[in-house]
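Can you make the complete structure from the sequences, with help from the hints?
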Amino acid sequence: MSASTIIFYIISAFILIAGAVAVTARKIFRAAIGLLFSLVGIAGLYFWMEVNFIAAVQIIVYVGGIVVLIIFSIFLTQKSGEEMPKPIKSRKIFSILAVVLGFAFTCSLISLQTFKVNTNAFNVEVAEIGNQMLSTTEHGFVLPFEAVSILLLAAMIGCIVIAIKSKPETK
Amino acid sequence: MNEVPVTHILFVSTALFFTGMYGLFTRRNMITMLMAVELILNSVNINFVAFNKYLYPDKLDGVFFTIFIITIAAAEAAVAIAIIINLYRSHHSIDVEDAGELKF
Amino acid sequence: MNHYSYIALIPLLPLATFVILGLFGRKYFKTFSGTLGTLSLLASAVLSLVTAYQYFLVDGPVNGIYQKIIPLQYTWLQFSPNVSIDLGILLDPISVMMLVVVSFVSLMVHIFSLGYMKGEERFATYYAFLSLFTFSMLGLVISTNIFQIYMFWELVGVSSFLLIGFYFEKPSAVAASKKAFIVTRFADLGFLIGILILSFHAQTLDFNTLITKLTTVQSPEFISITSTSFLGMSVLTWGLTLVFIGGAGKSAMFPLHIWLPDAMEGPTPVSALIHAATMVVAGVYLVARLFPVFSMDAIALNIVTYVGLVSALIAAVIACTQTDIKRVLAYSTMSQIGYMMFALGVARQGGEEGLGYMGSMFHLFTHAFFKSLLFLGAGAVIHMVHSNDMKDMGGLRKLMPITHISFLIACLAISGIPPFAGFFSKEEILLASFNANKLVYGVALFTSGLTAFYMFRLYFNIFWSKAAHVHEPHHGEGTWSMKLPLIILAVMAVIAGFIPFAHFVTSDGALLETHINYLFSVAPVLLAVAGIGLATVLYKSQNGKPDAVAVGLGGFYKAAYHKFYIDDLYLFITKKVIFNLIGRPAAWFDKNIVDGTMNLMASLTAKLSVAIKGLQSGKVQNYILYFFGGIAVLAVLFIYIWK
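Here the protein sequences line up with chains A, B and C, keeping their order. Start counting the first sequence at 0; every next residue gets the next number (numbering that gives the first Met the number 0). Start counting the second sequence at 0; every next residue gets the next number (numbering that gives the first Met the number 0). Start counting the third sequence at 0; every next residue gets the next number (numbering that gives the first Met the number 0).
Hints should not be assumed to be uniformly reliable.
Claimed, not checked - Straight-line Cα separation of at most 25 Å, PhoX-like style, residue types lysine-lysine; simulated pairs:
| hint | chain 1 | residue 1 | chain 2 | residue 2 |
| --- | --- | --- | --- | --- |
| 1 | C | K618 | A | K88 |
| 2 | A | K26 | C | K618 |
| 3 | A | K85 | C | K390 |
| 4 | C | K612 | C | K590 |
These are calculated hints, taken from the structure and not from any lab test.
Quick look at the structure:
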């Protein structure tokens with residue numbers, strides 16, 4: 000039981016507890032903060048797995064972008080201090096049942112599977128990522144890159160169009 | 000880190016996935032549903048990275064997938080917020096139960 | 000003989016006219032449709048005469064015996080190597096004769112209708128139906144195949160239905176057309192069973208093959224059909240009797256005659272064509288066509304004879320009491336067809352014994368002319384008086400001279416007065432029945448006296464009796480189109496008797512020498528003159544004698560006036576027995592069980608759909624739950640069950 004395994008379990012527990020808070024908190028702001036901590040925890044997990052670039056991207060985009068966006072929208076749409084209504088009992092029980100059963104099923108499947116672990120070193124150079132992203136050779140990702148760029152453009156235009164306030168008809 | 004078997008990381012990501020599912024089933028507020036969706040997407044990211052590191056350390060495919068998923072998640076969150084705001088303008092509420100016009 | 004292929008045009012021209020007038024007549028042709036129909040019939044009639052000339056005088060006789068010629072045959076449905084439904088043209092003496100009769104009388108009716116039906120709104124439809132009928136009848140007479148004749152038989156029934164019910168706003172016309180169709184259809188059931196029996200045993204549907212097989216005593220088919228018996232009679236008898244039932248229905252023989260008087264609801268030219276000269280003789284034609292087979296079985300021939308005889312007698316008695324002129328003529332038709340039937344019944348195949356056959360066909364030929372003349376004349380009278388009843392007529396001889404003379408000629412012909420046509424044909428029939436069966440001869444003689452009596456009763460009531468009280472004869476006797484056919488038919492009624500029929504149409508195709516036996520003719524002519532004399536005394540001028548006679552005959556007169564209550568019997572059986580015992584339970588079953596099942600299935604489906612509808616609640620989270628549930632089920636399915 001080395002230190003890294005202990006750290007792994009601590010980070011995992013943090014992620015899961017924060018996630019649980021995010022989905023069960025009564026006050027919306029607390030849920031948002033729970034989400035934030037969960038995402039930060041995941042970034043930590045990436046750091047532990049030595050994929051530093053992804054961790055950084057996670058923090059920048061998710062934590063710094065999406066959570067902030069969510070909090071803005073909370074401000075825009077409701078009084079954030081109030082309690083949210085609880086879900087109906089039947090739905091809650093049914094959901095817990097479904098989730099627990101699903102979890103058990105998936106875990107049983109995973110544990111039955113044998114993975115061929117390759118113990119080579121995992122080297123994630125940023126330069127390497129950049130090269131591969133734009134290369135057209137066998138492991139190149141330039142096509143998905145271009146596609147995602149178009150998607151981002153479309154999303155941007157779409158957001159503006161959907162959220163725009165139409166001018167009132169009266170003069 | 001090689002003493003943590005892959006399956007443990009997969010357990011974590013599965014648990015996170017089902018937590019997100021629970022939130023999707025239960026929450027009535029649209030923004031909290033969006034939060035639960037983000038959790039699900041992140042669990043998938045963890046899976047990709049874990050497989051890449053443990054099973055195919057020579058290639059970077061998992062990392063790229065993760066990058067793309069993060070990108071797309073960001074775009075999707077933005078569009079979702081725009082829709083929520085639009086819906087708030089017409090219904091003055093962001094409760095999913097109030098947006099039931101697609102009923103038979 | 001391919002130079003005979005123009006014969007295919009004879010039925011096809013009226014068919015084409017029917018299609019054109021049926022589809023376009025109402026909108027585009029209107030009054031021209033009459034001319035179109037008449038012209039196409041004129042072409043058919045000319046072609047028929049050419050065929051007759053060609054067949055009888057040039058090609059037909061080989062060594063003095065008329066051959067059966069088949070110019071066209073086309074296999075339509077092949078059931079097995081032997082049995083197939085063919086469509087073809089058969090030429091033999093009776094079919095060529097019928098071609099001439101049908102097309103000629105139809106032409107006369109077409110010309111007459113130009114004037115009679117003028118101003119009728121559905122003029123084009125009328126001519127379309129007439130053409131359909133002519134096509135069906137022509138197809139019937141040239142059939143080579145027993146199934147072909149059955150097809151055209153039904154087509155003729157349909158045309159008759161359409162034409163009887165032509166004035167469909169009148170409920171009596173609708174009821175009459177239904178009655179005609181149902182009675183004949185019911186008889187055709189017997190016909191169909193008879194066809195199946197005969198063709199099963201003979202292993203063929205073709206007339207020539209069937210006749211050859213069933214008339215050679217040594218053939219295996221004949222042996223099989225006469226050795227099997229059912230309820231005491233041989234299968235041959237059953238088959239022939241059933242076929243005869245079909246013929247009896249169409250020819251209005253007792254007891255299937257009830258439709259013929261009611262069929263007079265149709266327009267009068269239709270009655271002239273269909274219910275006097277052509278369709279009602281289809282039954283006689285059928286027996287004549289299958290005559291060689293009939294003559295192998297004495298029981299079947301006896302049935303034919305006695306049914307014909309009874310019909311002739313009963314119809315003559317009823318005709319003496321009726322006041323509607325068309326009904327009188329209808330019963331007269333039934334009586335004359337009875338003559339044709341029993342003439343066939345007393346004949347045998349070949350030589351001298353085939354005299355009845357020749358007489359029957361000769362009578363068919365002459366009867367067509369004078370009966371259609373009678374009906375057309377009645378039509379002219381009805382056109383002037385606007386009523387069918389004898390009581391509204393009288394003294395019309397000055398107002399309608401041409402109709403009067405032609406009607407008189409026809410009455411003389413039907414009564415059997417020489418030298419008119421009816422005398423010659425009736426002579427042959429009476430001679431044949433005298434040679435075969437004295438009882439039949441006696442009844443036939445008595446009936447011919449009755450015929451003369453009631454025909455002249457009709458004649459005097461229309462043209463003499465009392466002074467005419469038609470208000471203003473505003474349209475005179477009728478246009479030339481109504482007079483011309485009367486004149487032509489009157490001429491035919493005079494000269495047709497002089498055609499040496501026995502040279503052409505006999506039971507075996509060979510020439511039959513006949514001569515007038517003057518001594519024998521004395522009895523019928525004398526009886527006819529007596530009948531005419533009695534009618535003159537009673538009806539020439541109005542007096543109280545007919546009513547006195549009616550009172551004197553008492554109950555018998557009343558029964559005859561009510562047509563011997565046969566119609567009432569049929570109505571009773573239909574209403575009380577069939578409707579109540581069979582119809583009502585069937586209707587209950589249909590409404591409650593059959594419809595009930597359908598309605599139950601429909602309502603179940605509706606309830607199911609309402610239940611499923613609830614799934615679409617509009618709530619996104621429900622949808623997510625269903626989605627997840629589906630994935631879970633599929634996952635379990637694919638991972639554990641379908642590896």
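Going through the hints against the structure:
{"no.": "1", "hint": "C:K618 <-> A:K88", "in the structure": "17 Å, holds"}
{"no.": "2", "hint": "A:K26 <-> C:K618", "in the structure": "23 Å, holds"}
{"no.": "3", "hint": "A:K85 <-> C:K390", "in the structure": "101 Å, violated"}
{"no.": "4", "hint": "C:K612 <-> C:K590", "in the structure": "31 Å, violated"}
Violated hints, listed in ascending order, are 3 and 4; each of the other numbered hints is respected by the structure.
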